[in-house]
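Given the coordinates of chain V, assemble chain R onto it according to the supplied hints.
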Amino acid sequence: MAQQTATIKDIKADETYLKMVWRRFKKHKLAVISLLFILTIALIAILAPIISPYGYDQTNRDNIMSGPSREHILGTDRIGRDMFTRLVWGARISLSVGLVAALVSVTVGTLIGATAGYFGGIIDDILMRFTEMVMSFPVIFLLLTIVTLVERSVFNVMLVIGLTSWTGLARMVRGQFLSLRESDYVEAARALGAKNSRIVIKHMLLNSMAPIIVNATLQVGTAILAESSLSFLGLGITSPPSWGTILNSGRFYMRYAPWITIFPGLLIFGTVLAFNYIGDGLRDALDPYLKR
Amino acid sequence: MKRYLIRRFIQMVIVLIGISIISFLIMHLAPGDPVDIMAERNATPEQKAHIRELYGLNEPLPIQYLNWIGRVVKGDFGTSFVTGRPVLEMILERLPATLILNFWAMIIIYLIAVPVGMISALKQYSWFDHVVTTVAFFGRALPQFWFALMLIYFIGLRFGGVQISGMATWGVNWGVQPFFTVLQDRISYIILPLIVLAFSGMAGIARYMRASMLDVVHQDYIRTARSKGLPEKKVVTGHAFRNALLPIVTLIGFELPILFSGAVIIETIFSWPGIGLLAVNAISQQDYMIVMAFNLLGATMTVIGMFLADILYMVVDPRIKLE
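Which chain is which? The protein sequence lines are V and R, in order. Every number in this note's numbering is 733 more than the matching position in the first sequence, counting from 1. Every number in this note's numbering is 509 more than the matching position in the second sequence, counting from 1.
Looking at chain V on its own, in the form it has when it is part of the complex (with noise of 0.2 Å):
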């Protein structure tokens, strides 16, 4: 009771939801920042060829690691490429995979927790089991081992990484169907007439759609976690190159050209945290039976 009391204060009557959401999210101060850096990072991503003083490949003999100057502000790796210049096109890289690999995730895990939340019996049994497969494996080595199967690509990485990170989310969804499927308000549309596939989407799927929105975004950022995982084992992303690749490039130099290291570890560590704290925020804003 506590909690529906909060809520009725904090509903305004004129107010659209997509309003609220938004209000809501604008309290959590580290939440805006987040998507603000992320917003930055993404427009850089986009404006990669514009920004880039450099080729991503371009080589440069008489200027190999070497340290931050006024040429290369972030300096040079091991055949003199410039540090800026790729860490802006491993943007591109790092967040597509992220958001790709999400989207890939976010679609299965939706589709095989509905299905055997929705039915139950024997179909919720045999995906459910299927699922708690998938989740046994060791998850960066499955990766490891099913990248070396297939043809390494951008494409493939994204869709490995999707593929192998969804049971979280399909256990989650399931559990939602499984409990909106008693609920009243589904009842009463089935007393209605209403048909199945509309029952589906417009009672439970609209609403299991904030815990799964959340579930996407926090996605992106270990997404984007385990592609840098699988090109620092080598196994990733090389050219163009994801942030991942270019500081397992610098791995052996740390001792001479320590910036081929710490810069992309850097950015990855502040997007992954920044998708954290965009969840994070989320959460709070779309649950309208959360206080605080």
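It should be emphasised that the hints constitute simulated quantities derived from the structure, not laboratory data. By construction, the Cβ of each residue, glycine as well, lies at the ideal position given by its N, Cα and C atoms. Treat the hints with care, since some could be wrong.
[Unchecked claim] The following label-pair restraints were derived from C-beta to C-beta distances: (1) L723/R <-> I779/V: 38 to 48 Å; (2) K511/R <-> S829/V: 46 to 56 Å; (3) F637/R <-> L751/V: 51 to 61 Å; (4) A539/R <-> Y986/V: 31 to 41 Å; (5) L836/V <-> G675/R: 36 to 46 Å; (6) L763/V <-> G565/R: 44 to 54 Å; (7) V591/R <-> Y986/V: 24 to 34 Å; (8) F852/V <-> F518/R: 54 to 64 Å.
[Stated by the list, open to error] Stretch by stretch, here's where chain R covers chain V in the computed footprint (C-beta under 8 Å, at least three residues): (9) 877 to 888; (10) 958 to 966; (11) 977 to 989.
Chain R only, in chain V's frame:
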């Protein structure tokens, strides 16, 4: 409870069978014909056919699977393509190094994370709580390998007493050199990987402990304990702490799989000669027998770990009665 246990056990067996099928199929998809690896370079087609027959590779896929799983159950994971030695032997040889690292990491994690999580919950919204939740939040986003590299750069390369690769100096052995010389040597190697493992494990446990404690302190029996005049210290240690610890105990079931997934990156960076390093090397050498054994063992451990966690939960908390 008995019915639940039986159902849970059957589920586990089904999942284990599924895992073995997935592992087998992945191995089957691996590029290259195993016969080419086993036969000599200039073997004739007849000789190859003979090998194929010898290893049952001309049988239909389901039969091949049954043959393979029959051997796996007996502990025969095949032989490594690269060294020609039994896979199980190679893994068992590397296991102690991984176990040592993880054992100490676990001790440190629980010794620090449990009290930290508890204090954080008892002093909710204090500066201490804010610091703990923020650090835990940062810990989730921190790329493990980058954290390890930064430790190497800022500590390992600057302090002579800290090693960044391997687990012991050659020739420094227990019983040969004085006890403290060997101890110092071992610590100098384990310290950095231990910090990385402990830090990344701590964030989760501390958060979990905090949530569990917060849950408990709002229960009626805590209010009762307070209202009947028990000193706060007794309420916390006697009533709250012991109940909050219950869910944490079950987490031990989840520590088993971490041996496998956590080892991969850390052991690679610090050249720690454990199973993770073995597996990563096997990947780059396309030694699929080891790769599959590692996947299969890792997944099996996870399934058994989750099963144990469930049972443990029922054992430590008699209130839980599952259908």
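Going through the hints against the structure:
Remark: the range hint 38 to 48 Å for L723/R to I779/V is upheld by a beta-carbon distance near 43 Å. The hinted window of 46 to 56 Å between K511/R and S829/V holds, with their beta carbons roughly 52 Å apart. Look at F637/R against L751/V: about 37 Å separates their beta carbons, and that is not inside 51 to 61 Å. For A539/R and Y986/V, the Cβ-Cβ distance of about 33 Å falls inside the hinted range of 31 to 41 Å, so the restraint holds.
Checked against the given bound of 36 to 46 Å, the beta carbons of L836/V and G675/R, roughly 42 Å apart, stay inside it. Look at L763/V against G565/R: about 60 Å separates their beta carbons, and that is not inside 44 to 54 Å. With their beta carbons about 29 Å apart, V591/R and Y986/V fall inside the hinted range of 24 to 34 Å. About 25 Å separates the C-beta atoms of F852/V and F518/R, a value inconsistent with the hinted range of 54 to 64 Å.
By the rule of at least three residues with a Cβ nearer than 8 Å to a Cβ of chain R, the coverage given for the stretch 877 to 888 of chain V holds, with 5 such residues. A stretch counts as covered by a chain when three or more of its residues have a beta carbon under 8 Å from one of that chain; for the stretch 958 to 966 of chain V and chain R the count is 5, and the coverage holds. Here the stretch 977 to 989 of chain V counts 4 residues with a CB under 8 Å from a CB of chain R, which clears the bar of 3, and the coverage holds.
This entry does not satisfy hints 3, 6 and 8, going by the numbered hints stated previously.
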